[in-house]
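There are 4 protein chains.
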Amino acid sequence: MSVLRVGMVGYAFMGAAHSQAWRAVNRVFDLPVRVEMTTVCGRDGDAVAAAAQRLGWQSHTTDWQTLVARDDIDVIDICTPGDSHAQIALAALAAGKHVLCEKPLANSLTEAAAMVQAAASAAGLAMCGFNYRRVPAAALMRRMIADGRIGQIRHVRAQYLQDWIVDPQFPLVWRLQKEKAGSGALGDIGSHIVDLTQYVTGQRITGVSALTETFVKERPLPTASRGLAASRDGASTGEVTVDDAALFIARLDGGAIATYEATRFATGRKNALRIEVNGSLGSLVFDLERLNELSYYDSAAAEPGFSTILVTEPHHPYMDAWWPPGHIIGYEHSFTHQARDFIEAIATGTQPEPSFDDAYSVQLVLDAVQQSASSGSGWTHVRGGAVSAVRRTVEAAPPPVS
Amino acid sequence: MSVLRVGMVGYAFMGAAHSQAWRAVNRVFDLPVRVEMTTVCGRDGDAVAAAAQRLGWQSHTTDWQTLVARDDIDVIDICTPGDSHAQIALAALAAGKHVLCEKPLANSLTEAAAMVQAAASAAGLAMCGFNYRRVPAAALMRRMIADGRIGQIRHVRAQYLQDWIVDPQFPLVWRLQKEKAGSGALGDIGSHIVDLTQYVTGQRITGVSALTETFVKERPLPTASRGLAASRDGASTGEVTVDDAALFIARLDGGAIATYEATRFATGRKNALRIEVNGSLGSLVFDLERLNELSYYDSAAAEPGFSTILVTEPHHPYMDAWWPPGHIIGYEHSFTHQARDFIEAIATGTQPEPSFDDAYSVQLVLDAVQQSASSGSGWTHVRGGAVSAVRRTVEAAPPPVS
Amino acid sequence: MSVLRVGMVGYAFMGAAHSQAWRAVNRVFDLPVRVEMTTVCGRDGDAVAAAAQRLGWQSHTTDWQTLVARDDIDVIDICTPGDSHAQIALAALAAGKHVLCEKPLANSLTEAAAMVQAAASAAGLAMCGFNYRRVPAAALMRRMIADGRIGQIRHVRAQYLQDWIVDPQFPLVWRLQKEKAGSGALGDIGSHIVDLTQYVTGQRITGVSALTETFVKERPLPTASRGLAASRDGASTGEVTVDDAALFIARLDGGAIATYEATRFATGRKNALRIEVNGSLGSLVFDLERLNELSYYDSAAAEPGFSTILVTEPHHPYMDAWWPPGHIIGYEHSFTHQARDFIEAIATGTQPEPSFDDAYSVQLVLDAVQQSASSGSGWTHVRGGAVSAVRRTVEAAPPPVS
Amino acid sequence: MSVLRVGMVGYAFMGAAHSQAWRAVNRVFDLPVRVEMTTVCGRDGDAVAAAAQRLGWQSHTTDWQTLVARDDIDVIDICTPGDSHAQIALAALAAGKHVLCEKPLANSLTEAAAMVQAAASAAGLAMCGFNYRRVPAAALMRRMIADGRIGQIRHVRAQYLQDWIVDPQFPLVWRLQKEKAGSGALGDIGSHIVDLTQYVTGQRITGVSALTETFVKERPLPTASRGLAASRDGASTGEVTVDDAALFIARLDGGAIATYEATRFATGRKNALRIEVNGSLGSLVFDLERLNELSYYDSAAAEPGFSTILVTEPHHPYMDAWWPPGHIIGYEHSFTHQARDFIEAIATGTQPEPSFDDAYSVQLVLDAVQQSASSGSGWTHVRGGAVSAVRRTVEAAPPPVS
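Protein chains in written order, with the working numbering: chain F, 162 to 563; chain A, 162 to 563; chain S, 162 to 563; chain L, 162 to 563.
Please keep in mind that the hints were generated in silico from the structure rather than gathered at the bench. Note that the coordinates shown come from a computational prediction; the quantities given were computed from them, not determined experimentally. Just so you know, not all the hints are guaranteed correct.
One copy or two, either will do: identical chains are not told apart, so a pair holds if it fits within one copy or between any two.
Straight line, CA to CA, 16 Å or less: simulated EDC-like cross-link-like pairs of lysine to aspartate or glutamate [as the list claims (entries may be wrong)]:
# : residue 1 : residue 2
1 : 431       : 474
2 : 339       : 379
3 : 431       : 464
4 : 341       : 207
5 : 339       : 224
6 : 378       : 474
7 : 341       : 197
The task is simple: from the sequences and hints, build the whole structure.
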């Protein structure tokens, strides 16, 4: 069996999630390739050494530039914040590596476009880490839509609701600062629902009208222990420069209309990524807080009603590798599935999904949303086709995983 | 006990619902006034006679002009389609009657404004029939918000989802023709969520950005038996001239932001009026398909979680008049509660709610939505204060019913 | 149209529920007979006069013996506590009246048997008021089982959970005294789940093993205003002489096995009558707190899952008479449906269901439960066939209402 | 850091689940001891070699007798079927090893008693693998009950519902043969709800009345590929000699009464372990198919209702080691938590729970159930105190994990 040697940059939340996926993937799935967790990279030498030990990496380094060029590395896995995605990905692709890059693809359209172009001509394969596509219920949703089970799509209702900064005393962490995070709820979680709805419907968003809001405009500066140096000049608060919430309505290129909402102020909603799709023949509903379930309305049923499919049967996407029916899986398994699909794509030399192109299409939507919201100019068309031809329909897509 | 003699115009769906309310209200509630179902009015003499018999009216007539002026009538209850609301209401108010008018107030802003002005100077009291305010769980929602139980409101998420015209073979009934219905999903059910969200939050919508869509643009003409004459010139289909669905995002005057969606194409959703409100201290969620329940998240609870309040306790609005806890009520009871509140307002000489002013504020929002959607001009301010001073805050409102 | 003149004995909770049914039934359903609410009867003259006024009865009396023999009365509706059912029903049947008797049929097997025998030879028709059979979702459950939709039945899981006496300071009302109430949770609510499960499955319980418990054995005496004279000798508490909860396992004559639980100590459950039936091809689940819904699992579905049927479609039992789909009904409507079926049976001269025979079969089960629980003797056979031949299978039953 | 060298016997379903726990536990939790997956043992040399490779064991063997005595092994993890638990555990304890033994403890009371006695005098620590105690929501349920949050317990309602053998063509696998499996649904899944209800309530079952049923009495013999040799004499079916379902009612030593049901014939229920506990002050409800949730009714809340606690907060048992709030975990994590607690008990020299004593108490209940069901003798006392003094109350228990 051949070996795929991985170098991972970043070891925080996403790094931990990716590490468990690399550790588990060969133990759960029969794959033609064996993963080797070769090196983990981070800026702080002591911290990255500890992370390597805990997360299961054979070695560690603080020098990503060297890492991406090493002969004993096949894959670069980018788990850093968005502002360093482009430079690492470009270097890795130039060095001929396969690249798995966390979402969002980049903090600017310019960077993202450069990454798409680099991927188009690279020897390695490039994929963006919209892991929720690999939740079995979401993959099943896509499969059922592609199979025509709900007919022609009319409505998309997408929400990503969290509440972790409702408290105005929650500190001004980097995710609330524009220069570091790019945007707030919009880029962080709004990007997920844009990608996931485009994925399950096979349609692309063509236009939006949006508003964004920052409910708490000033927050305490974080203490150093929280990862940011406290202000030295006595100031105890700082300005929040990103959105707390983003709302938009949209049209999709297959004729559907949609509402989107991403917020960190939905008190009581912890990780409620919820998507409802209404078609001419039925409907499908997904909620990440109950990620093992998919709700399905089939108007052709003898006694129709929304049914709760427990997505744990062997014929459901990815689930034949896990436990018997009814034994549920968790959030982290989506990363294991992502690793499996990435490895299989590399092994077979096919383009993994979502490609950088797919991820770029998400960036274009977010850009239109910000433009609409900031200018108050109302309806804003999503730029399309700028970088390369992108797949447009779910019919033309490779068959969904089983 | 004094008597309130009612004359009702219209006897279809709403007329049946109002009739059962008039029949039941004195048997359920202790009221200072007894209702007499004096006369029902309709255009077709035989049909209105049959309706009077079935619905429990003492007499019937085909002449509303005479009815509204009769000395033996105290209340005119208007249950006709929207295009005749204004003329009946204006005549009844001019004749000194109390008026209960079904929603929407009118089909045009001009008519609606005239009704507001007439009500302002009339001897009788005027109320608009947004009956869902009288669903106990909705009334409880308002009371809890007014009591500060969820703090400052940040998000409103409102949907009214139905699916009765998903089938493209469903005929072109009058509700799908602009000249008769004014608008489609927007006015019919969108008006309910505009009113209900303004009611429960005590905030008014100040601006919107909207889109509307007609998914099925041509439909079979209805057969005569369906209530519309079939085309004589051989044409078997006609154009749908109203919206099938309306989506908008909005800002409210208390700082909240909101998404609204009204549609008749949400396959599987029969009467899903759903409202979620997120505040700084908690959240509340209502769903008309489970109208005896209110979901409440209290972030101050020891172990917070969304709880399902079964709104059947004696201390819940209206419920001390009904059955023991856990014995649920239905859709029609909202009309009984509406009748009770209307009667009490008349008996005490206070303004019933929603006033024509309140209903006019809904019209203004719908107008802004249509303007935004049709022009594609994006953000549209809701005109305000045009007719008379309107109550703006829930704090200033009369105490909610108990 | 002919007229059915009703005399009702008792006007408390059940009397109010029955009265609204008599008032509504001709306004909702097209019936060949018109109901006249002739006379209501009660022991307290002033109270019954007030009740007549409020509930809509034309006259009132304190003399039930005379009432049941009057020529201008066709139906006697018995809404008194169980200890007077037998004497009123026997007199009414002897006088040739049709009889609708509230459940449970009687407080003793001997009385119940006499009622069954009287009904068998009477000119009038007799029916017992297990109203939950007329909840549309329960009637649909029976229809789907009779139609073979879930195959051969294996499991019945029945609970009737309330919590109104969890507080040990709740007073010793008559329902907690054996001499008046016969039994506690068992007869009051356990009887409902015995009848309803026998009804929906078409199977009869053949044997049980049971336990009963009285958690709070001593309670404050109620004040006189609560309807019971306070103790004169200074004692402030009295003994609870009925069960707070009853649990039993059972076998049914069609091969199913079952668990039953009736309790007034299920904190938080207000009126949770819940029945789950598992068959060889599917399952059905009902919950009275969400009585407009029926949950259905069809193992032959392409993607099986428990679906929530919103039982508000015109093809669902009784629902074509009410509102459009999605507009739910309440607890009281089960009585209106019961009145409709009773009237139709009288009009067509057919035996209404549940007959006194059916109700007697419930008494036999309750008797076996008490015997098993009190003796600790374990498995106890349910006596059968003692009074008259009773229908045993759902196949032989008249077609369910549509 | 010291090392704990594990030898595992068996590598099927439970072996896979335990292996992932041993692999993950040091990467998720900060522990004073590091696990080494030293050797896996099975009867088939090739198969165990493949399993070792896939599951991550350093070596493999087919000789458990030698394994349990090796100096380089500290822990024996028994994942075989129940008929070999006793011999392996006794040998391992005699050799001074710590033992983790899958449930049920043994197939006979005699074997189980011997294991309890051996554990009592052994140098190593012994624990039984009732892993569902380590589901965070179940552990939280216990903590809340121990903290008095629902007061005095009155009702326990426990079900373990599956449906994997509803099809009569499902073959006669070893789990359906008494000589191999001991019992059917009762021992396999009934044991879980007996242990879990005793665990969360801190009460022991003192008596039961039971029935068991085998719905499908003859099944096709499995093909050899299914793991059992097909009949050579031409017979194509064989007798099912275990229960398909077991039902019982019970009393607990703290005054609660209970219903239990374990079945493999609840069509549509895949892994529905459901427990509801009603106390004098509130209620708690758990469902393994939604294992990240705990439903809680607090009668002292301002507006009481059953709330859905999403058990993913850092202060919930075990959850500070995983992902941010709202990011759910799965079935397998219960084994990781079990490994963590076992390791911590070994590291601190304290008795891990559930002890063999605890597991023996479950065996006593199952024995009473079978006796009651087979004799039809009704109420059967659960033998107690036979082996050693066992903890009786949750108050005396070590503090629950946090």
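### Task
Mind listing which of the numbered hints don't hold for this structure, in increasing order?
Violated: hints 4, 5, 6 and 7.
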